[in-house]
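K.L.:
Counting from 1, one number per residue, gives the positions in the sequence shown under the numbering used here.
It is worth saying that the hints were derived from the structure and are not from the lab. Predicted, not measured: the structure shown is a model, and the values here were computed from it. Note that beta-carbon positions come from the ideal geometry of N, C-alpha and C, so glycine has one too. Check before you lean on any hint, since a few could be wrong.
[To be verified] Ranges between beta-carbon positions, derived for each pair: (1) A95 / E21: 26 to 36 Å; (2) R9 / G34: 20 to 30 Å; (3) R87 / R27: 21 to 31 Å; (4) F113 / R44: 49 to 59 Å; (5) D77 / M1: 21 to 31 Å; (6) S78 / L108: 37 to 47 Å; (7) T102 / E5: 47 to 57 Å; (8) F19 / P116: 46 to 56 Å.
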Amino acid sequence: MRIGELARRAGTTTRALRFYESEGLLRAQRAANGYREYGEHDLRLVREIQSLQAVGLSLEDTRPFVACLRAGHSSGDSCPDSREVYRRRLAEVDACLERLQTVREFLLARLAFQDPCLVPDPEESPCS
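Could you build the full structure based on these sequences and the hints that come with them?
P.N.:
What follows is the structure in structure tokens.
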């Protein structure tokens, strides 16, 4: 399939596909006329990249998943390097959640100090 069809089937733009190619994530075959040619496997790679980016992984983070698929694995997350990306990102998410919980507790304490009736938990509010 040509680049326009791949873009249509993947729900992306030809510009994005060219960018993936420039980043080494996608490798087009060239037809005799110089047009890029892609196969179903390329569609699978693009969908993997898109699904990972949709949950917040960077384009760089997608590299091990693409390499895993290129190596012939049925799933991009079945290789050790891919699972390491998951572990690292999970640690980052956990750290972010901890920071957000700290902010939440601070805000609740400030609200309770200014007006105890503003505390969102009815069990803790003296105004119920």
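K.L.:
Checking each numbered hint in turn, tell me which of them this model violates, lowest number first.
P.N.:
none
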